[in-house]
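**Q** Listed below, chain by chain, are the residues.
Protein chains: 2
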Amino acid sequence: MPRFEHRRHQAPRTLSQPRELVLACAPMRSGVNLSRIARAAGCCGVTRIVCTGRAKLDPKIARDAAENIVLESHRTLPPALRMLRHEGYTLVGLEQTTNSSDLHSFVFDHMTALVVGNERQGLTDDALAELDAVVEIPVWGLPYSYNVATATVMAMYEYCRQFPDG
Amino acid sequence: MPRFEHRRHQAPRTLSQPRELVLACAPMRSGVNLSRIARAAGCCGVTRIVCTGRAKLDPKIARDAAENIVLESHRTLPPALRMLRHEGYTLVGLEQTTNSSDLHSFVFDHMTALVVGNERQGLTDDALAELDAVVEIPVWGLPYSYNVATATVMAMYEYCRQFPDG
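The listed protein sequences derive, respectively, from chains P and B.
For the first sequence, the working numbering gives the first residue as 151, with consecutive numbering after it.
For the second sequence, the working numbering gives the first residue as 151, with consecutive numbering after it.
Certain hints may be false.
Below, simulated BS3-like cross-link-like pairs (lysine-lysine); rule was C-alpha separation at most 30 Å, straight line [stated by the list, open to error]: (1) P/K210 x B/K210; (2) B/K206 x P/K206; (3) B/K210 x P/K206; (4) B/K206 x P/K210.
The hints are simulated quantities; they were obtained by calculation from the structure and are not laboratory data.
Model the full assembly from the supplied sequences, consistent with the hints where possible.
**A** Here's what the structure looks like:
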């Protein structure tokens, strides 16, 4: 009998409590990136994405992630971040900045809003000013910058690794 | 002075030795996924991707990742995997199978070939038969499956977390 046999479409893991990870996204240039983020977020058990700008999911990319995710639309990021802080979330930006922490060693708070910037500009200064922490992901080679959805996926993975049961 | 100020396009980290992580990819349906994988691999310091089928990078997506990555073309995956084993690599598939290990707790060998399946079929039985181990990534919600590039990114992140200096 083969040692490794396909076991696709098995039942997902169960969380002992709902995920308290929220994503907060700057206006994106590309619905593709937002949709990739949404699909990964759905798989990670995330149920809330705070969007800004014209946020629209492509169901061919996001699949049915949107079924369990509430996509909140806000006009701009800073007031949405203040709202999230008021709700008790620690605001953690994903960016290359001064005083940033290495994602490899960063200890996430359970209630975390992961704040993701635009593909080109990253997080603007007025969004950075609202943050409690910034994490960055080590880069060792060309092209010296992760795609925004790739970086978000890595950060979500790290959060879920720290809180596998929710 | 603001606490967090942009520090984009800083110098990358240096590895104390070349990355001994190689990617080995089944024929992909989409050059987009392969190109996303290549961009992330480049940033992670990976220098070699073993491709099968008609593998072509889209430079708009992969950026200049290809400058430091050798893209090897092979016709099919199993002989390429045997070649990699012969070179000393541990063959680790990314798939949902019986006897798979949780990526969160998997301890990578330094010389690892991460073996990635096709978007639809995943890894075929003849590829699975060559593997030393299979890792899978926990899924907690819809759509119950990560995109292939997303899953590859998570596994590369985990490898780099374990070997930050190469």
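**Q** If a hint holds in the structure, say so; if it does not, say that too.
**A** Quick rundown of the hints versus the structure:
The straight-line distance between the Cα atoms of P/K210 and B/K210 is roughly 21 Å, inside the 30 Å bound, and the hint therefore holds. For the hint pairing B/K206 with P/K206, the CA-to-CA distance comes to about 29 Å; that is within 30 Å, so the pair holds. Only pairs whose Cα atoms come within 30 Å are accepted, and B/K210 paired with P/K206 is accepted, the gap being roughly 22 Å. For the hint pairing B/K206 with P/K210, the CA-to-CA distance comes to about 22 Å; that is within 30 Å, so the pair holds.
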